[in-house]
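Protein chains: 4
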Amino acid sequence: MYSFTNDYSEGAHPRILKAMLEANLTQNTGYSLDTHTGHAIELIKKEICCHEADIHIIVGGTQTNLIAISAALRPFQAVISASTGHINVHETGAIEATGHKVLAMTAPDGRLTPALVQEALDFHTDEHMVQPKMVYISNSTEIGTQYTKTELEALSRFCRLHDLYLFMDGARMGAALTSPVNDLTLADIARLTDVFYIGGTKNGALFGEALVITREELKADFRFMIKQRGAMLAKGWLLGIQFEELFQNDLFYDMARHANAMASVLRDALTECGYSFAYDSMTNQLFPIFSDETIEKLAQHFTFNMDRRMDETHSAIRLVTSWATTEEGVREFVEFIRGLR
Amino acid sequence: MYSFTNDYSEGAHPRILKAMLEANLTQNTGYSLDTHTGHAIELIKKEICCHEADIHIIVGGTQTNLIAISAALRPFQAVISASTGHINVHETGAIEATGHKVLAMTAPDGRLTPALVQEALDFHTDEHMVQPKMVYISNSTEIGTQYTKTELEALSRFCRLHDLYLFMDGARMGAALTSPVNDLTLADIARLTDVFYIGGTKNGALFGEALVITREELKADFRFMIKQRGAMLAKGWLLGIQFEELFQNDLFYDMARHANAMASVLRDALTECGYSFAYDSMTNQLFPIFSDETIEKLAQHFTFNMDRRMDETHSAIRLVTSWATTEEGVREFVEFIRGLR
Amino acid sequence: MYSFTNDYSEGAHPRILKAMLEANLTQNTGYSLDTHTGHAIELIKKEICCHEADIHIIVGGTQTNLIAISAALRPFQAVISASTGHINVHETGAIEATGHKVLAMTAPDGRLTPALVQEALDFHTDEHMVQPKMVYISNSTEIGTQYTKTELEALSRFCRLHDLYLFMDGARMGAALTSPVNDLTLADIARLTDVFYIGGTKNGALFGEALVITREELKADFRFMIKQRGAMLAKGWLLGIQFEELFQNDLFYDMARHANAMASVLRDALTECGYSFAYDSMTNQLFPIFSDETIEKLAQHFTFNMDRRMDETHSAIRLVTSWATTEEGVREFVEFIRGLR
Amino acid sequence: MYSFTNDYSEGAHPRILKAMLEANLTQNTGYSLDTHTGHAIELIKKEICCHEADIHIIVGGTQTNLIAISAALRPFQAVISASTGHINVHETGAIEATGHKVLAMTAPDGRLTPALVQEALDFHTDEHMVQPKMVYISNSTEIGTQYTKTELEALSRFCRLHDLYLFMDGARMGAALTSPVNDLTLADIARLTDVFYIGGTKNGALFGEALVITREELKADFRFMIKQRGAMLAKGWLLGIQFEELFQNDLFYDMARHANAMASVLRDALTECGYSFAYDSMTNQLFPIFSDETIEKLAQHFTFNMDRRMDETHSAIRLVTSWATTEEGVREFVEFIRGLR
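Protein chains in written order, with the numbering used here: chain A, 43 to 383; chain B, 43 to 383; chain C, 43 to 383; chain D, 43 to 383.
Just so you know, the hints here were simulated from the structure itself, not pulled from any lab data. Idealized CB from N, CA, C, for every residue including glycine. Don't take every hint at face value.
Anything over 12 Å on all C-beta distances counts as not near chain A; from chain D, calculated [said to hold, decoys possible]:
(1) C92
(2) R199
(3) K339
Pulled a few chain D residues facing chain A out of the computed Cβ check, cut under 8 Å [claimed, not checked]:
(4) S112
(5) M267
(6) Q270
With a Cα cut of at most 25 Å, we get these calculated PhoX-like pairs of lysine-lysine [stated by the list, open to error]:
(7) A:K87 / A:K261
(8) B:K88 / B:K60
(9) D:K261 / D:K87
(10) A:K60 / A:K88
(11) C:K87 / C:K261
(12) B:K87 / B:K60
(13) C:K191 / C:K87
(14) D:K175 / A:K261
(15) C:K175 / C:K191
(16) A:K261 / D:K261
(17) B:K175 / C:K261
(18) B:K191 / B:K175
(19) C:K175 / C:K261
(20) D:K191 / D:K175
(21) C:K175 / B:K175
(22) D:K88 / D:K60
(23) D:K60 / C:K60
(24) B:K191 / B:K87
(25) A:K175 / D:K261
(26) D:K175 / A:K175
(27) B:K261 / C:K261
(28) D:K88 / D:K261
(29) B:K88 / B:K261
(30) A:K175 / A:K261
(31) D:K87 / D:K60
(32) A:K60 / B:K60
(33) C:K175 / B:K261
(34) B:K261 / B:K175
(35) C:K261 / C:K88
(36) B:K88 / B:K191
This is chain A alone, in the form it adopts within the complex (with noise of 0.2 Å):
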């Protein structure tokens, strides 16, 4: 059975295991303090234009979201999210677990706006409650969905007038920048937010996320967050080399626009069947709406996630394509559903 499950069920792009292999008998300096991360780093640097970055590779995204958010709160202060953001709902509460409170906004479509953030301050007035500290994001967000420039723009000039950090999540940042609707670039991201990351593993890396630090105040010391939270890897180099691949010759793009393309055949084949969808998505995952019935009929031949009941009758799906999803797998998808009609 062909998966749509996620974006990781495949290991990691051939060029990559390549570069892994050929340096597997060198003798590396341990804990990311080898020459292939900094090869990496330096790449990362001239494509964000800001050599003033630091930047940390870290191996997962709950670590990261975990290790970044509380490295820059003191003890009382809160971080805001969209109620669908990952950290307030699929982290097993790690963020709170550092002892910070998520505030959760609604946002249907799972971006924060500059209302949703000033209501949330609005509502936090004293020291009885929580003190708004940072705003989290995710692009693409959980549902598929993406900031455009003049929204990031937005809610970034809002977030300095209210000394509140902006961080943004990038775990599938390759699939943003390379979306057909996006006009973002990761230096514009670079330039409008305080920290932000850039996810390998969904993006054809073993594993992998690349963390931007641009603010100066955030950056002192963050190694030993690092070590603290268990998430320093002993050979580090294996993240160093992913990333100089991901970052030579634009692997990292190639790949997300990879799994775009095919996330545009199956979006333009179920919408030509008359399927509608529960978010509207350019990117790699999909939400189209079934009857049980057709959902069941699916399930025979395709792995994937449900996402939500719509009504009696109907529940939203997720359809997640990768750098690894096969013309195959796709055109296998959509004769599937063409064939139910």
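Knowing the structure of chain A, use the given hints to seat chains B, C and D on it.
This is chains B, C and D only, laid out in the frame that chain A set:
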């Protein structure tokens, strides 16, 4: 310059990489629910002769320590460790960051004894002090020493009598179990401890520590703990594949045996040349004592870590061998040492 | 200006102060191991008809909440609360600071129901999300409403069925139990919850909340929790003496009854004058809705807190009465309101 | 039986109680925003000759320690303490529960020195270890010793040079400042430390510790910390009234002077009878060494705590005097001791 800095300077055994390559484009279930991990767990259960154990493979050692300890303790409970224990010194307060005090006992050779644990119990008598509840030991220890079966049996008996959990950090388990003076098996360790782990990172895997929980009450909901601490690897089968290889055809033991053999060559040569050691190690870490002058000469040809100052003109250094240490590298060191006479 | 700001604007009932004075120069055992505390606990046990309960008297409410909750939960477990719950809004993230997520459910009248708790359970399905384990309710609630016996029985049954702890914050327990519509007793509450507390601070003690633990598994080593959170009062007998007085000769109920009676006079006058209320309260907190203009006039003669804006020209304010509220103060307010017509 | 168990066996000085009684029915603003607290803070500022200090009065000592320390440190930072320090031994891991390691240094007389702090700094060299950032000292110490001006100046200079915060626990500040060998004033302490507190609980208040923050960067948003840890007393004026009395007409010093005078009588008599002491204390805690037989006899007439075993037949006990210790109680003890000869 040849490096004796640590046992994680190279990547992984070629057989491990080969297996990862072969599985690269297969679609796997995420988060360690895949068949490779299932198979690896079966292999380990067989090796430890304990089919009721719960086994979780986790990326790194500090991560594994902090998860296992914070999962077992109530907020006011503490873990007893030798003062040289990894959790006490080299984890940036990772255990304290989960809320728990580490009670450090001075153990000259890095090993805890019932008498040392008793001392901690005697001191902590009421609710104004933390409550000791877990005993943390390492095998081999951070200074290369190891537990005999008799010693571990005594400690295990003592812990059960006093309702203390016994946790063994096995980051260097391979080195301990293949040391010439070892009389323990993994089955003994599974029987005598409540929770322990088998280290992959320092014994020829890219990364990965297999945590084995034998005590019933420590098993519940453990995957929640892993996820909350950011330690649930999306592509968890990467861990599974590595431990499949480690526990097929004795690769785990063979690699550790090689590391110990290389250390033996160094130890014999050093002894023959009249050098003494800061600690008595029969595993892959050696702590020879040299004059400052000799250390300076060595440092021009080899890399290694300083351990501690012994007197005004002498220090102990740390030499570590691994599965990847070459006979050439060792020979070069031996010849250099002999040439100093 | 007479204050209706809260129920802790004055000190303590004179009988309580008298008892404290009388004991002032006696040498007492510290840390709540004294005879006054012992006696107070006996009186409470008798009142709740439960001699197996463990009872600890703690200085303040936020303290009691954070200790009771963090003592009961494992790191990945969460507590369900109405979104208006004190722990969710007015404790500066005290629960999150102990590592636990508060799952806030929208409950229009501040009370949780089995259906609302079920909703939280349905959403949290696996180890990628926190595990709901405790249900937190307040009686009376933060908005003056209260639980009936039928409602509490239903919630209790539901919690036991789903192995959830039921915790009642009784900071305003007196107001709830002496409300004209109440049909619960402390004995009922002891029977239907797992842990609850009886508030002294807001009902005529200088300070003090008596935490009652009836669930066996929540009792163990509780004094360690109290001490660790900095809540073990050196001169603990001060707490004991106050609860001795509260539970001798019905002082606890008499004071709460007075507070409710004073609120009734206000409620009747406001209703008679045609004002409506933001919440339906029969206890000592009232939330009348006034025009901005009226509020401005009131604020020149009385102090009170704003609650929330109802529309463009009206807001709800909060009026709180207490054991110490004088008939003169109430009469003055009533006359002022009547004079506005 | 007369008790020398501690300095918090009785209530409060009658003048303090009288002031509380007089204010009992006044309506006060809650949460320490009242005029009594304001006045107390002014009195303290005058006493310490520092009008820029931020002052917060908090119920208890462990609470004050954990709030002050966790407010100052980032997650990976640690506090250095003498191994006998209250935070290291007698607070049930309260500091670790906020996430921070206590680095315990062996200080034979309970006092830290620049050399001991340097030792801690030397050991903690990189991000694999915690980062020492605060130095915690007590005056008088847990074993009755105290700092001279020269010593405190040296420690202060050292801390500023190494960018370490210096925090003085003054639970027994009164005893230190009125000891015959003292040459420090509160103004000196305000000048030489970054944050310290003046203990009320152990010097004739019902409860209350006045925390003084002089270092600018430690002041921000401190009330959020107090509230989050459950330490913001609803009826905060109770704290204010007590410190008003303590710092009006020298009551604070007079009570401490009495405690020390009573200890002097005991010390002189014990010395005269040939007994020696485990620690050299000129404050209100004495640690005389007796044979087990003598201790048994003493225990039939007086209550006190055991300190530690000195040899097979002798132990040190702890005798504590207070503002409330009576001359009769002391005379009785002296006569008993003399009668043993």
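25 Å Cα cutoff - pair K87 of chain B, K60 of chain B: It holds: about 24 Å lies between the C-alpha atoms, which stays within 25 Å.
Would the stated hint for M267 of chain D survive a check requiring a Cβ distance to chain A of less than 8 Å? This hint holds: M267 of chain D lies near chain A, its Cβ roughly 6 Å from the closest one there, short of 8 Å.
Check whether the Cα positions of K261 of chain D and K87 of chain D lie no farther apart than 25 Å. Holds, because 15 Å separates the two Cα atoms, which is no more than 25 Å.
Please work out if K261 of chain A and K261 of chain D have their alpha carbons no farther apart than 25 Å. holds, 22 Å
Given the hinted pair K87 of chain D and K60 of chain D, is their alpha-carbon gap at most 25 Å? Judged against 25 Å, a Cα distance of about 24 Å means the pair holds.
Would you check whether Q270 of chain D satisfies its interface hint, that is, whether its CB is within less than 8 Å of any CB in chain A? holds, 5 Å
Is the straight-line distance between the alpha-carbon of K60 of chain A and that of K60 of chain B 25 Å or less? holds, 11 Å
Take a quick look at whether K60 of chain D and K60 of chain C sit within 25 Å of each other, Cα to Cα. holds, 11 Å
Beyond 12 Å from each Cβ of chain A, as asserted for R199 of chain D: holds, 24 Å
Would you check the hint for K60 of chain A and K88 of chain A, treating anything up to 25 Å between C-alpha atoms as holding? Since the Cα atoms of K60 of chain A and K88 of chain A sit roughly 24 Å apart, the hinted pair holds (cutoff 25 Å).
Assess, step by step, whether the Cα of K175 of chain A is no farther than 25 Å from the Cα of K261 of chain D, and give holds or violated. holds, 17 Å
25 Å Cα cutoff - pair K175 of chain D, K261 of chain A: Holds, at about 17 Å.
When each numbered hint is compared with the structure, no violation occurs for any of them.
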